[in-house]
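Listed below, chain by chain, are the residues.
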Amino acid sequence: MEYEFELRFNLPTDDADAGDLVERLGEAGCDDALIGIGQPGRIALRFTREAESAKSAIVGALEDVKKAIPAAKLIEAGPDFVGLTDVADMLGMSRQNMRKLMLVHAANFPAPVHEGSAAIWHLEPVLQWLRNKGGYDISHEQIDVAHTAMQINLIKAADRLELPMQREVRALVA
Amino acid sequence: MGRDRHPKKEVEEAIRYAEANGWRVEVGGSHAWGRIYCPYNDAECRCGEFCITSIWSTPKNPGNHARQLKRVIDNCTTRQRIEEARKVAPVGSD
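Top line first, the protein sequences correspond to chains F and D. Note that the first sequence ends on residue 183 in the numbering used here; no numbers are left out. Note that the second sequence ends on residue 111 in the numbering used here; no numbers are left out.
Chain D on its own, in the form it takes in the complex (with noise of 0.2 Å):
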């Protein structure tokens, strides 16, 4: 899909589990390797800081940055299934 690969496997594959939750990824920086850009960034999303997250070229230790990359994700995905029982359960409540 035309993008660069992160050089780090893990941090890669984290950059691909938040590409298909959604997740926009823009390249760029020296230091920083590129960022990432939560769909449901606006006021709802609890996300917060981390609704544009950077990655780096050389983390420090890239096993715990993908983790913590992936946390992010998670957090938010999750909070998108709590809307999303939150919009469904007074139809199907009766």
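Extracted from the complex, chain F is given alone in its bound form (with noise of 0.2 Å):
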């Protein structure tokens, strides 16, 4: 199957200019990512990958650029942090009709992640309500892909987990 996803990572300031990193991606499989290089300290990988599951395209993708550039740091992995806008953009509908779609469904309508100026779900729970409620054509590689996702942003987050708090506050959060 094939696995679109993106991946963004930090750049060590010191480091080989731009030409020479996406060189070094080259040599080392990335030839299946559109790379953007616009942002100062930033490089991006929209991979389109075949693989036998998201997991292995998008773990195989996170080893190939370690290997290219040992000390790039990941940012975020996607599709996971979405809006509504993006969600709407996936199913090819419009914004409005999204947002109605919300609205209507307010009581079980996943919770967003953050809402603030703006708000922020995870993909996988909103794919996965879109499903059940039926009428999306929302296949398994795309609930894989963003399940994968969030897995590897999870396990990036936990960094800063620190586990004497985790054990004395887990229960209240669940």
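Result set (DMTMM-like, lysine to aspartate or glutamate): computed pairs, CA atoms no more than 20 Å apart in a straight line:
| # | chain 1 | residue 1 | chain 2 | residue 2 |
| --- | --- | --- | --- | --- |
| 1 | D | LYS87 | F | ASP40 |
| 2 | D | LYS87 | F | GLU15 |
| 3 | F | LYS76 | F | GLU15 |
| 4 | D | LYS77 | F | ASP40 |
| 5 | D | LYS87 | D | GLU27 |
| 6 | F | LYS165 | F | ASP153 |
| 7 | D | LYS77 | F | GLU61 |
| 8 | D | LYS77 | F | GLU32 |
Rather than coming from a laboratory, the hints here were simulated on the basis of the structure.
Please dock the two separately framed chains into a single complex, following the hints provided.
Have a look at this one:
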């Protein structure tokens, strides 16, 4: 199967120039990704990768990038954190219709991870909800890749986890 | 217009599409064939990292590569159209 996903990285400040990094990524087998180098100190890769599962696609891609640029630090794997517009675009519907759908089903639509001037969701529960509701053409692969990207982001976030506090508070936030 | 053509037909088409939308093309590299530069590469632009996008000489799948390039350009011009609409709307709204 082909999986589409994006990985964004922070680059060490004193590393080689962008052209050199791209060559190294090419050497490491990232020629199935579109590479963005338009932000200083950042690099983004949009993969369309052939693999047996989303996990082997994304983990394989992380390995390739690590090999090419050992000091690169993952910022975010996607598709995971999304706004309503992103979901609407993915399904080929208008933002207004997506918003209506959310408001009509306010009681059981997945809760956003953050709600402020913009609301952000994890994509996987939204796709699961839409699939259970029926009428939306959502593939197993789409859910698989959203699930895996979310796992990667959670693993990354767990770097900051303080274990004593986790033990103390876990039951309260479950 | 003097620049080298990309050896893969689909990718060359995507590069021409970029040029038609005001993107600048720079040829150079080995694994990389070159780069395209967004004409609106500023703080307002939402292409983010893809304001400068690298193009492979021999992408694993030229069709996918071309499609992804076009998507970057379309996302950017969509943004531009929204910007234009916003600028125009207040004048015509009464």
